[in-house]
Amino acid sequence: MRVRPGAWAILTPYWRSSERWLAFALLGMMLSINLGSAWFSVEANRVTGEFTDALIAIDWQKIKPLFIFSFSLGLGAMMITWINVLGNQYLALRWRTWMTLRYIRRWTGTRAYYDIEREGTLSNIDQRIADDVNEFIPTTLNFFLSLVSVLINTVTYTVLLWSLSGTLRFTWSGAAWSIPGYMVYAAYLAIFLQVALSHWLGKALISLNMQQQNAEGDFRFLGVQLRENAEQIAFYQGGQREGERLIQRFSRVRAIALAVILRGFNVSFGQSIFSHFLSPLPTLLALPQLLNGEITFGDMTRIHMAYGSLGSTLSYFMQAYQGFTRWLALTNRLRDMEAALQTVEQKPSALRRHSHDSPGFECRDLRLYKPDAMPLTTIAFWQVLPGERWLIRGASGVGKSTLLRACAGLWKWGAGEIVFARNRKIFFLPQKSYLPVGTLKAALCYPENEAAFSDEACRQALIAAALPGMATLLGSEDRWQHRLSGGEQQRVAIARVLLHRPAFLFLDEATSALDPQTEQVVYQALVTGLPEAAIVSVAHHEALGAFHTHQLTLTASEEAPEAQKTVVMRPPAPRARTATLREDKV
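For the sequence shown, this note's numbering assigns the number 501 to the initial residue and increments by one for each residue that follows.
Because the hints were derived from the structure by calculation, they are not lab data. There could be a bad hint or two in this list.
Only pairs whose alpha carbons sit at most 27 Å apart, straight line, appear in this in silico DSSO-like list of lysine-lysine [said to hold, decoys possible]:
hint	residue 1	residue 2
1	Lys912	Lys847
2	Lys847	Lys870
3	Lys925	Lys847
4	Lys870	Lys932
5	Lys925	Lys912
6	Lys912	Lys932
7	Lys912	Lys870
Label pairs and their calculated CB-CB ranges [unchecked claim]:
hint	residue 1	residue 2	range
8	Glu956	Arg752	50 to 58 Å
9	Thr972	Gln737	30 to 38 Å
10	Gly620	Trp700	18 to 26 Å
11	Glu956	Gln883	33 to 41 Å
12	Glu519	Thr796	31 to 39 Å
13	Ile747	Gly620	18 to 26 Å
Ideal Cβ placement from N, Cα and C applies to all residues, glycine included.
Please model the complete structure; the sequences and the hints are all you need to start from.
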């Protein structure tokens, strides 16, 4: 069972990276601005009280300088606020860039993209990298800076309100009571009750927000599948069925969204009702002192402002509750992605794939299994030398494609060694090759950049692969996997091989969509164009035997699941060898 790493595995890597010094400098600037904002607030409170008393007394000598100072104070507060916003957004962009690039490299640099999809360990990883990271970083920064600001302002306004509120004196049960700083206690008690109410009403939002993210991703993924497989679906006249599936997925999205709306409404409505009943509290608490002449109307205004400022500061925890539940859901989704990537990166395998200095390719004590640990194929020793052409045959399901996947490093279930010649280019052609969207030349040169090959070399490769009509389309942009037929796609893949000229070429039914005549043409092109390359083919067509010097036949025994088999060599070749093979019938 996959265990989520802690939230620190998501939060801290950037702050330990090479960019940390600039990041800490920007963060320090924003924290300094928060401290400055607290000073501006205290000064604004003092000036407002004095200005109110000056207006009541109609003291024009005080009103004018206080008005100018108040205006300047407001302008300064506005300027540092916008500087803070700019610094926040710039830091968020740098953090997002670093984090996105890191996840992209981990996803695509170690074949994690293949293992995760094949094993189904995680859904919508692209959405997590694109959307969740984008939302997670500014939300995290805002939460952190807001929390720091809340702590600073809480201390500031607590001290201010304590100094302004004085002492509440009253008689109860025949005794005289006095409560110094009583309005501070009232403010903290009110916010505590509001936060408790918010948590009681909204604790289910954490789970609902995570479910909503997953449901939205699944709905979008199904739409992408419809778009990518439009032709196949149209042949089956499956549009109506796909529509039903989309509607079913969207029904789940809608149900969860409605649950989020209702739960969020409960939280907001409960908070609003509670706040409404508490809104007259500061006025009622300060009124006895005003009526007794202990404070002026300006003092009462300052008390009301200080109470409101402290209340607004402390109410952050209540107001941010729904946002926090969404942030926690995003964090959990990123923690799941981190766990999936770590699982792939750390996944042990007894099947070792490495290189050596000898010119050939070898399998040593190779044992392949199915994902459920059932034995599939065992090869004691198999060697392929440059210039040799091996044809692998056998009934469906005996492990031909699995053997090639293991050679490509895509099969983890097994043991033994697979050894390639060092610094020699290796190419694997599956039945359906990937053709990226873009120019035909870019699709042909993949995975290299199109600048790595000349236009003339690309045209000659297309002509040799029986695609002369496409030699003039190198600069054309299209979605080639949708525009080209299956046979044309396979011939583009053959042209790609002729262009890259690998030392070892593995073909897994890579010409299955071609008619026999065209298949003969492209195989002849491979033999002629790559005379020094070692070619290993998985195919069923008998005619292809003429293009291969060696044949490896995998046959399953009904009576003896562990029967010993021998590689059959056809036709005899000067360097003919045998390899011992054991095939386990499952």
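Hints, one by one, checked against the model:
no.: 1; hint: Lys912 / Lys847; result: holds, 9 Å
no.: 2; hint: Lys847 / Lys870; result: holds, 16 Å
no.: 3; hint: Lys925 / Lys847; result: holds, 26 Å
no.: 4; hint: Lys870 / Lys932; result: holds, 22 Å
no.: 5; hint: Lys925 / Lys912; result: holds, 22 Å
no.: 6; hint: Lys912 / Lys932; result: holds, 22 Å
no.: 7; hint: Lys912 / Lys870; result: holds, 9 Å
no.: 8; hint: Glu956 / Arg752: 50 to 58 Å; result: holds, 54 Å
no.: 9; hint: Thr972 / Gln737: 30 to 38 Å; result: holds, 36 Å
no.: 10; hint: Gly620 / Trp700: 18 to 26 Å; result: violated, 37 Å
no.: 11; hint: Glu956 / Gln883: 33 to 41 Å; result: holds, 37 Å
no.: 12; hint: Glu519 / Thr796: 31 to 39 Å; result: violated, 54 Å
no.: 13; hint: Ile747 / Gly620: 18 to 26 Å; result: holds, 24 Å
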